[in-house]
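Every position in the sequence shown, counted from 1, becomes a number in our numbering once 109 is added.
Bear in mind the hints are in silico, worked out from the structure with no lab data behind them.
Be aware that one or more of the hints could be misleading.
With a straight-line Cα cutoff of 25 Å, these simulated PhoX-like cross-link-like pairs (lysine-lysine) come out [said to hold, decoys possible]:
| # | residue 1 | residue 2 |
| --- | --- | --- |
| 1 | 391 | 409 |
| 2 | 205 | 118 |
| 3 | 212 | 188 |
| 4 | 238 | 118 |
| 5 | 189 | 118 |
What follows is a list of derived Cβ distance ranges for each label pair [stated by the list, open to error]:
| # | residue 1 | residue 2 | range |
| --- | --- | --- | --- |
| 6 | 412 | 205 | 25 to 31 Å |
| 7 | 388 | 409 | 49 to 55 Å |
| 8 | 368 | 178 | 49 to 55 Å |
| 9 | 313 | 203 | 23 to 29 Å |
| 10 | 404 | 215 | 55 to 61 Å |
Backbone N, C-alpha and C define an ideal beta-carbon position, used for all residues, glycine too.
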Amino acid sequence: MPGKKPGMKLYLRPGTNQMPGVVSGKVAIVTGAGRGIGRGIAMLLAQESARVVVCDIGASLQGEGSDIGPAQETVDAIKKAGGQAIASTLSITEPKNAEAIVKSALDAYGRVDILVNNAGILRDVIFHKMSWSDWSDVIDVHLNGSFNMSRAVAPFFREQNSGVFVHMTSTSGLVGNFGQANYMAAKLGVMGLSRGIALDMARFNVRSNCIAPFAFTRMIESIPAQSEQDKRRIDAFQRMTPEKIAPLAVFLCAEAAAGITGQIFSVRNNEVYLFNQPRPVKTIHRAEGWTPETLAAELKTAFASSLTPLERSEDVFNWDPI
(Lines of atoms letter the chains of each structure in order from A and count residues from 1; the text may use other names and numbers.)
(Lines give C-alpha, C1' and ligand atoms only; values in the text may rest on other atoms or scores of the structure.)
Protein backbone atom coordinates (compact mmCIF):
# COMPACT_ATOMS: atom_id res chain seq x y z
CA MET A 1 0.00 0.00 0.00
CA PRO A 2 1.40 3.48 -0.89
CA GLY A 3 2.93 5.33 2.05
CA LYS A 4 3.63 2.20 4.06
CA LYS A 5 7.02 2.31 5.81
CA PRO A 6 9.30 -0.67 6.45
CA GLY A 7 8.38 -2.48 9.67
CA MET A 8 4.99 -0.77 9.89
CA LYS A 9 1.82 -2.88 9.78
CA LEU A 10 -1.39 -1.13 8.76
CA TYR A 11 -4.53 -1.59 10.88
CA LEU A 12 -8.18 -1.29 9.96
CA ARG A 13 -10.25 1.14 11.96
CA PRO A 14 -11.19 -0.57 15.23
CA GLY A 15 -14.50 -2.40 15.22
CA THR A 16 -15.06 -1.94 11.47
CA ASN A 17 -14.15 -3.37 8.09
CA GLN A 18 -13.23 0.10 6.84
CA MET A 19 -9.89 1.08 5.33
CA PRO A 20 -7.03 1.83 7.71
CA GLY A 21 -7.24 5.11 9.59
CA VAL A 22 -5.10 8.17 8.90
CA VAL A 23 -2.53 7.11 11.53
CA SER A 24 -2.71 3.38 10.91
CA GLY A 25 0.43 1.51 11.92
CA LYS A 26 1.60 4.38 14.13
CA VAL A 27 2.29 4.20 17.84
CA ALA A 28 1.36 7.30 19.84
CA ILE A 29 2.17 8.48 23.34
CA VAL A 30 -0.32 10.96 24.79
CA THR A 31 0.37 12.59 28.15
CA GLY A 32 -2.46 13.76 30.36
CA ALA A 33 -4.71 11.36 28.47
CA GLY A 34 -6.85 10.23 31.39
CA ARG A 35 -9.26 13.11 31.08
CA GLY A 36 -10.28 16.06 28.94
CA ILE A 37 -8.34 17.05 25.84
CA GLY A 38 -5.75 14.30 26.19
CA ARG A 39 -8.41 11.61 26.47
CA GLY A 40 -10.20 12.97 23.39
CA ILE A 41 -6.98 12.90 21.39
CA ALA A 42 -6.06 9.39 22.58
CA MET A 43 -9.52 8.09 21.69
CA LEU A 44 -9.46 9.55 18.18
CA LEU A 45 -5.90 8.36 17.53
CA ALA A 46 -7.06 4.84 18.43
CA GLN A 47 -10.17 5.24 16.28
CA GLU A 48 -7.86 6.17 13.40
CA SER A 49 -5.95 2.91 13.92
CA ALA A 50 -2.99 4.07 16.05
CA ARG A 51 -1.87 2.09 19.06
CA VAL A 52 -1.75 4.38 22.08
CA VAL A 53 0.21 4.70 25.30
CA VAL A 54 -2.12 6.56 27.66
CA CYS A 55 -0.06 8.52 30.20
CA ASP A 56 -1.71 10.07 33.25
CA ILE A 57 -0.67 10.03 36.90
CA GLY A 58 -4.25 10.73 37.93
CA ALA A 59 -3.34 13.82 39.95
CA SER A 60 -5.63 16.63 41.05
CA LEU A 61 -5.83 19.80 38.97
CA GLN A 62 -3.12 21.23 41.25
CA GLY A 63 -0.86 18.24 40.56
CA GLU A 64 -1.39 16.51 43.91
CA GLY A 65 -1.86 12.78 44.49
CA SER A 66 -2.02 9.95 41.98
CA ASP A 67 -4.61 7.46 40.74
CA ILE A 68 -4.36 4.80 38.04
CA GLY A 69 -8.10 5.14 37.41
CA PRO A 70 -8.19 7.89 34.73
CA ALA A 71 -5.47 6.34 32.54
CA GLN A 72 -6.97 2.87 32.84
CA GLU A 73 -10.47 4.15 32.07
CA THR A 74 -9.22 5.64 28.81
CA VAL A 75 -7.41 2.41 27.95
CA ASP A 76 -10.56 0.40 28.72
CA ALA A 77 -12.65 2.69 26.51
CA ILE A 78 -10.19 2.32 23.63
CA LYS A 79 -10.15 -1.47 23.98
CA LYS A 80 -13.94 -1.64 24.22
CA ALA A 81 -14.10 0.16 20.87
CA GLY A 82 -11.72 -2.40 19.37
CA GLY A 83 -8.49 -0.41 19.63
CA GLN A 84 -5.13 -1.10 21.25
CA ALA A 85 -3.75 0.84 24.24
CA ILE A 86 -1.70 0.51 27.40
CA ALA A 87 -1.58 2.76 30.46
CA SER A 88 1.28 4.50 32.27
CA THR A 89 1.02 6.46 35.51
CA LEU A 90 4.68 7.57 35.67
CA SER A 91 5.33 11.26 36.28
CA ILE A 92 6.76 13.03 33.24
CA THR A 93 8.65 15.50 35.45
CA GLU A 94 11.41 12.88 35.87
CA PRO A 95 13.62 12.21 32.82
CA LYS A 96 14.02 8.53 33.79
CA ASN A 97 10.23 8.15 33.83
CA ALA A 98 9.97 9.65 30.35
CA GLU A 99 12.50 7.11 29.13
CA ALA A 100 10.51 4.33 30.83
CA ILE A 101 7.29 5.47 29.15
CA VAL A 102 8.98 5.35 25.74
CA LYS A 103 10.39 1.92 26.57
CA SER A 104 6.88 0.70 27.41
CA ALA A 105 5.74 1.76 23.92
CA LEU A 106 8.67 -0.06 22.34
CA ASP A 107 8.15 -3.16 24.45
CA ALA A 108 4.43 -3.31 23.67
CA TYR A 109 4.38 -2.21 20.04
CA GLY A 110 7.95 -2.17 18.75
CA ARG A 111 8.11 1.48 17.74
CA VAL A 112 7.04 5.02 18.56
CA ASP A 113 5.86 7.55 15.96
CA ILE A 114 3.84 10.25 17.72
CA LEU A 115 4.17 12.23 20.93
CA VAL A 116 1.37 14.48 22.12
CA ASN A 117 2.53 16.65 25.05
CA ASN A 118 -0.74 17.52 26.75
CA ALA A 119 -0.27 16.98 30.51
CA GLY A 120 -0.63 20.03 32.73
CA ILE A 121 -1.60 21.47 36.08
CA LEU A 122 -2.74 24.87 37.36
CA ARG A 123 -1.59 26.96 40.32
CA ASP A 124 -3.36 30.26 39.60
CA VAL A 125 -2.39 33.11 41.91
CA ILE A 126 -1.68 36.82 41.46
CA PHE A 127 2.04 37.30 40.81
CA HIS A 128 3.05 39.19 43.95
CA LYS A 129 1.62 36.31 46.02
CA MET A 130 3.02 33.48 43.87
CA SER A 131 5.25 31.06 45.79
CA TRP A 132 8.29 29.25 44.41
CA SER A 133 6.40 25.96 44.41
CA ASP A 134 3.49 27.59 42.54
CA TRP A 135 6.02 28.62 39.91
CA SER A 136 8.29 25.58 39.77
CA ASP A 137 5.58 22.91 39.90
CA VAL A 138 3.76 24.38 36.90
CA ILE A 139 7.00 24.79 34.95
CA ASP A 140 7.97 21.21 35.88
CA VAL A 141 4.86 19.60 34.44
CA HIS A 142 4.21 21.76 31.38
CA LEU A 143 7.68 22.73 30.19
CA ASN A 144 10.13 20.30 31.79
CA GLY A 145 7.68 17.43 31.26
CA SER A 146 7.34 18.32 27.59
CA PHE A 147 11.12 18.47 27.27
CA ASN A 148 11.61 15.15 29.08
CA MET A 149 9.14 13.32 26.88
CA SER A 150 10.37 14.97 23.68
CA ARG A 151 14.00 14.23 24.48
CA ALA A 152 13.16 10.60 25.27
CA VAL A 153 11.53 9.95 21.88
CA ALA A 154 13.94 12.06 19.80
CA PRO A 155 16.63 9.39 19.28
CA PHE A 156 14.04 6.93 17.95
CA PHE A 157 12.51 9.53 15.63
CA ARG A 158 16.00 10.33 14.35
CA GLU A 159 16.87 6.67 13.82
CA GLN A 160 13.69 5.86 11.89
CA ASN A 161 13.81 9.20 10.01
CA SER A 162 10.24 10.06 10.92
CA GLY A 163 8.13 11.26 13.83
CA VAL A 164 5.62 13.84 14.96
CA PHE A 165 5.38 16.09 18.00
CA VAL A 166 2.17 17.91 18.95
CA HIS A 167 2.47 20.20 21.98
CA MET A 168 -0.30 22.00 23.83
CA THR A 169 0.38 25.69 24.33
CA SER A 170 -2.28 28.21 25.43
CA THR A 171 -3.63 31.62 24.53
CA SER A 172 -2.84 32.46 28.16
CA GLY A 173 0.81 32.29 27.09
CA LEU A 174 0.36 33.63 23.56
CA VAL A 175 -1.85 36.55 24.64
CA GLY A 176 -2.16 36.74 28.43
CA ASN A 177 -4.35 36.26 31.50
CA PHE A 178 -4.59 37.39 35.10
CA GLY A 179 -3.02 35.30 37.87
CA GLN A 180 -1.22 32.95 35.51
CA ALA A 181 2.37 34.19 35.22
CA ASN A 182 3.60 30.65 35.91
CA TYR A 183 1.26 29.04 33.39
CA MET A 184 1.90 31.77 30.82
CA ALA A 185 5.67 31.35 31.10
CA ALA A 186 5.38 27.56 30.81
CA LYS A 187 3.08 27.66 27.80
CA LEU A 188 5.12 30.28 25.97
CA GLY A 189 8.15 28.12 26.74
CA VAL A 190 6.38 25.15 25.15
CA MET A 191 5.95 27.24 22.01
CA GLY A 192 9.69 27.91 21.93
CA LEU A 193 10.45 24.25 22.60
CA SER A 194 8.25 23.19 19.71
CA ARG A 195 9.89 25.66 17.34
CA GLY A 196 13.36 24.56 18.42
CA ILE A 197 12.51 20.89 17.88
CA ALA A 198 11.07 21.72 14.44
CA LEU A 199 14.29 23.48 13.43
CA ASP A 200 16.69 20.88 14.84
CA MET A 201 14.87 17.77 13.64
CA ALA A 202 13.57 18.81 10.22
CA ARG A 203 16.59 17.06 8.65
CA PHE A 204 15.26 13.78 10.07
CA ASN A 205 11.77 14.23 8.57
CA VAL A 206 10.38 15.05 12.03
CA ARG A 207 7.60 17.62 12.51
CA SER A 208 6.70 19.64 15.59
CA ASN A 209 3.67 21.90 16.02
CA CYS A 210 1.62 23.54 18.78
CA ILE A 211 -2.08 23.79 19.48
CA ALA A 212 -3.64 26.40 21.75
CA PRO A 213 -6.93 24.71 22.67
CA PHE A 214 -10.18 26.29 23.77
CA ALA A 215 -12.14 23.62 25.62
CA PHE A 216 -14.25 23.17 28.74
CA THR A 217 -11.99 21.07 30.93
CA ARG A 218 -11.13 20.81 34.64
CA MET A 219 -8.86 23.81 34.17
CA ILE A 220 -11.62 26.06 32.81
CA GLU A 221 -14.19 24.68 35.24
CA SER A 222 -11.91 25.73 38.12
CA ILE A 223 -12.03 29.43 37.14
CA PRO A 224 -14.43 31.28 39.47
CA ALA A 225 -17.36 32.96 37.72
CA GLN A 226 -17.87 36.13 39.77
CA SER A 227 -19.55 38.49 37.31
CA GLU A 228 -22.30 38.04 34.75
CA GLN A 229 -19.68 38.44 32.05
CA ASP A 230 -17.65 35.62 33.61
CA LYS A 231 -20.74 33.41 33.73
CA ARG A 232 -21.49 34.06 30.05
CA ARG A 233 -17.88 33.23 29.18
CA ILE A 234 -18.07 29.93 31.08
CA ASP A 235 -21.38 29.12 29.36
CA ALA A 236 -19.69 29.68 25.98
CA PHE A 237 -16.77 27.45 27.00
CA GLN A 238 -19.17 24.62 27.88
CA ARG A 239 -20.05 24.36 24.19
CA MET A 240 -16.38 23.81 23.36
CA THR A 241 -15.92 20.18 24.36
CA PRO A 242 -12.45 18.57 24.65
CA GLU A 243 -13.27 16.30 21.70
CA LYS A 244 -13.27 19.35 19.40
CA ILE A 245 -9.47 19.56 19.71
CA ALA A 246 -8.78 15.97 18.67
CA PRO A 247 -9.34 16.22 14.87
CA LEU A 248 -6.65 18.88 14.41
CA ALA A 249 -4.23 17.02 16.68
CA VAL A 250 -4.74 13.76 14.78
CA PHE A 251 -4.46 15.51 11.41
CA LEU A 252 -1.10 17.00 12.46
CA CYS A 253 0.05 13.45 13.33
CA ALA A 254 -0.95 12.09 9.92
CA GLU A 255 1.03 11.92 6.69
CA ALA A 256 -1.47 14.37 5.19
CA ALA A 257 0.16 17.11 7.31
CA ALA A 258 3.61 16.56 5.77
CA GLY A 259 5.43 19.88 5.34
CA ILE A 260 3.59 21.57 8.23
CA THR A 261 6.05 22.14 11.07
CA GLY A 262 7.07 24.86 13.52
CA GLN A 263 3.53 26.31 13.50
CA ILE A 264 1.04 27.41 16.16
CA PHE A 265 -2.62 26.51 15.71
CA SER A 266 -5.71 27.01 17.82
CA VAL A 267 -9.11 25.33 17.96
CA ARG A 268 -12.15 27.20 19.26
CA ASN A 269 -15.26 25.06 18.91
CA ASN A 270 -15.60 24.72 15.11
CA GLU A 271 -12.96 27.34 14.29
CA VAL A 272 -9.32 26.52 13.51
CA TYR A 273 -6.76 29.34 13.68
CA LEU A 274 -3.17 29.79 12.60
CA PHE A 275 -1.25 32.15 14.89
CA ASN A 276 1.44 34.53 13.75
CA GLN A 277 4.82 34.42 15.48
CA PRO A 278 7.02 37.24 16.83
CA ARG A 279 8.62 39.23 14.03
CA PRO A 280 9.76 42.90 13.84
CA VAL A 281 6.83 45.19 13.11
CA LYS A 282 8.50 48.64 13.00
CA THR A 283 11.98 50.14 13.17
CA ILE A 284 13.61 53.50 13.84
CA HIS A 285 17.16 54.38 12.87
CA ARG A 286 19.61 57.11 13.87
CA ALA A 287 22.99 57.17 12.10
CA GLU A 288 24.84 58.56 15.10
CA GLY A 289 23.27 56.06 17.53
CA TRP A 290 20.87 56.60 20.40
CA THR A 291 20.88 58.14 23.84
CA PRO A 292 18.14 57.87 26.46
CA GLU A 293 17.19 61.47 25.63
CA THR A 294 16.84 60.92 21.86
CA LEU A 295 14.90 57.71 22.46
CA ALA A 296 12.59 59.62 24.80
CA ALA A 297 12.03 62.18 22.08
CA GLU A 298 11.28 59.73 19.27
CA LEU A 299 10.53 56.13 20.31
CA LYS A 300 7.12 56.53 21.88
CA THR A 301 5.71 58.55 19.00
CA ALA A 302 7.24 56.29 16.34
CA PHE A 303 6.07 53.04 17.92
CA ALA A 304 2.79 54.13 19.55
CA SER A 305 0.47 52.71 16.90
CA SER A 306 2.32 49.36 16.86
CA LEU A 307 2.68 48.62 20.57
CA THR A 308 0.89 45.43 21.63
CA PRO A 309 -2.00 46.28 23.99
CA LEU A 310 -2.01 44.75 27.48
CA GLU A 311 -4.81 42.34 26.64
CA ARG A 312 -6.07 39.02 27.92
CA SER A 313 -7.13 36.08 25.81
CA GLU A 314 -10.82 36.97 26.23
CA ASP A 315 -10.15 40.51 24.96
CA VAL A 316 -8.70 39.15 21.71
CA PHE A 317 -11.27 36.35 21.29
CA ASN A 318 -14.23 38.53 22.22
CA TRP A 319 -16.91 36.94 20.03
CA ASP A 320 -18.98 33.86 20.71
CA PRO A 321 -17.44 30.60 19.52
CA ILE A 322 -18.84 29.42 16.22
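Next item on the list: State the violated hints by number, sorted upward, taking the hints as numbered earlier in the document.
Entry: 2, 4, 6, 7, 8
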